[in-house]
Amino acid sequence: MRAGGWKDRILPWRRLRTLGILGMNERNADFVLPYNPRSLYQLVDDKRKTKALAIEYGIPVPRLYAVVEIEHQIEDLPRLLAPHGEFVVKPAHGSGGEGILVVESRSDGRYRRTSGLVMTEEDLGHHISNILSGMYSLGGIPDCALVEYRVNFDPLFAEVSYLGVPDIRIVVFRGVPVMAMIRAPTRLSDGKANLHQGAVGVGVDMITGRTYHGVWRECRVEEHPDTGGELAGIRIPHWDDILTMAARCNDMVGMGYIGVDIVLDRDLGPLMLELNARPGLSIQLATRTGLLPRLRYLEGLRHIPLDVPERVALAKTVARCC
Amino acid sequence: MSKLHVRLLAALLTAVGLALCYYKVEILGLPLLPTEQAEVWTVEARIEFKARRDTAVKVQFAIPRAPRGYTVLDENFVASDYGLTTDDNGLRRQARWAIRETHGWQVLYYRIHLAKDPTAEAAPLPTGVDVPVDTQNLPEPLQAAARGLLNEVRSKSADDVTFAQALLQRLNAADPDSNVNLLRQDVSGPDEWARRVVAILREADVSARPLYLATLKDNASRGSLTPWVEIFDGESWIDLNPATGEAGLPGDAIVWTVGSEPLLEITGGKNGRVEYSVRRHSQEMTLIAEQRARKMGSRIMEFSLFSLPVKTQNVYRVLLLVPIGAFLIVFLRNVVGLQTFGTFMPILIALAFRETQLLWGVVMFCLLVALGLLLRFYLESLKLLLVPRLAAVLIIVILLMATVSVMTYKLGLDRGVSVALFPMVIMAMTIERMSMVWEEFGPAEALKQGFGSLAVAVLGYLSMSSDYLGHLVFVFPELLLVVLAFTLLLGRYTGYRLLELWRFRGALKG
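Protein chains in written order, with UniProt numbering: chain A, 1 to 322; chain B, 1 to 510.
Please keep in mind that the hints were generated in silico from the structure rather than gathered at the bench.
Some hints here could point you the wrong way.
[Said to hold, decoys possible] Chain A is faced by these chain B residues, among others (derived, beta-carbon under 10 Å): (1) R68; (2) V335; (3) L385; (4) E445; (5) E478; (6) L488; (7) L490; (8) Y493; (9) T494; (10) R497; (11) R503.
[Said to hold, decoys possible] A short list of chain A residues far from chain B (calculated; beta carbon distances all over 10 Å): (12) D30; (13) E104; (14) T227; (15) R248; (16) D267; (17) R278; (18) L281; (19) L285.
Everything numeric in this text was worked out from a predicted model, so none of it was measured.
Beta carbons are placed, not taken as given, at the ideal position from N, Cα and C, and that holds for glycine.
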């Protein structure tokens, strides 16, 4: 493409612009600030609120086993967790996957984490009290800990994940899903699904729900670095349901620019994990597509359909033409 | 449209800031550079006399009007219990001290502070001959001698000035004739000599008057004024050296007073004496310009930071640099994309570096963070709750600092002592945050952010410790409006960050 002349080929910022890559400043100034009213942030920042809202809206989410709000409740925890062999502990206000602890099994008072580490009840209690004191929350404000259903991820993803659950991240703008990727944990990311922690990002075709190549630490990869599984060509089941779910999440919180994290459970199908009011920009690396043309196109539309299936159809149109 | 709004606001702020700055530089003469120093001369007149008992005392003393080539920075009159008035008749300025009752030796001071200023004009003098001149005539035998001399000289001159110069040469000649000898008789000092020269010139119908000059020579004490002579050539007054006839004033002299009236008149006292002392010191241009601007009655300077007490001024000298650091952070984060612990923490570290100097501060920072991290990892194994753990880290940081200070002091490195002002809460938070990042994202990320913070702190220190910037923001605080304008503009900057070009390099390759 020579549309922009020699300057666009030499000056990196002009090339990024030609490619439609959205930068951090532009994301904050043109999308996050104008479309996400400050007063609604609590709905996405507090995972407990998000979950309650989703249940109200009929959006499937992982079941909540227990909420620990005060130190004292930690003592009660073994009794509360007795019926559940596996579970996830996470801070309600955590971000970037910090403070999440996944227990996959237990035997006589010891908890075995997916990472292979074994924790005592005391260790678990300490982790939860750290969560309560706000160690993982933004600004260090006191937090509460959620204990919830551990997702059994779809065997489809077994080949492309290491020690953790891959999730599907979809960026939704004005209620229309605009871009999607799968975030697959690696040994480097320690089972976490954040790209900057070393997870693999795999681009997903918005129209078919089929994966294509991936990106790992800014490099293009075709195979999962730990499992060797082929990244491209996975067909995500229930793709239209997933897009519908993402579109409905927008209506649920009333924010114009969000990231929706969805996991595929073997038995329960797609579950909404959490929402993000400032979705990262790595999705552009995973999909090798700039967000800007799609966002600007949708921004220019005077009328966005209220009907969810129409919006899903619009999402595919946008993906096709931008 | 808000982007336009921000731009207009930024333009307005920049315009106001730069205009105020321009006004202060061009009109008030405030210097843009901090190093400019100017000589300030302090001339002090010490008046001593013995007051008569039971009489009111009045002292009249001639003081300078605005002298040419100098700016009067300040004047002080020191005399306890005396009432003071000054008056200026357009030619002479006088200070009048008065007291109803006093006795014994009295000392009064008059002090004037002058700064060289080539642009300063002398206070306008009446130019005509209607200047009051005393009509003291020469006594009879001298009159005859003078006439003889004048006739001789007149034939060899073209106008009043050359006439006066020729006359002075004759009067000062090494081989005097009898007339000159007569005229030189019973002249006891330069003061009387100048008066005599004036009287002789008057005899020839040349308008003349004596002048008194204060010579600006450093550390001159117990000096007196130098008498000089001025003649009127029909248009302006010409200064002549009564001892040589040369025209002009000595380069380092100011006119103290004009006219043959006595410098000091005392009623109700005796043995009056005046001594002059001169002292030179250099002062920052800024202060001089500031004082001058205040003399000019500029409203702006009345509300300048210089009007604050010195202690407060010193606080503002530091405080006004913080916006520069904040702007640097905005730039490094939003335009470059550097990551740091906390938003303004690097600026606080940079402020701490001001106390410790850069190199030592960086060493100290690294040492404390490294030791703190080690201890923090140990504390982690104790499973403490967050706030007590933070407090423990804080206590340990302070103990470490104290230890380091004592050690370095014993080793003779007194730099270590100044580290005591290091913001330890900030250090404790840094250590805590770093250890968390270390655990969550690994040592690489922790070190990256740690060095990011340190780099920003160093840059912050370098910009905030610049004398030049410090001078600019203190003397021209309005320039912070320009900084504000650029901050606002960066607040709407939606371009890529520099490090994003690196981050998205994968996309560029494709």
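Hints not upheld, ascending by number: Hints 1, 5, 6, 12, 18, 19 contradicted; others consistent.
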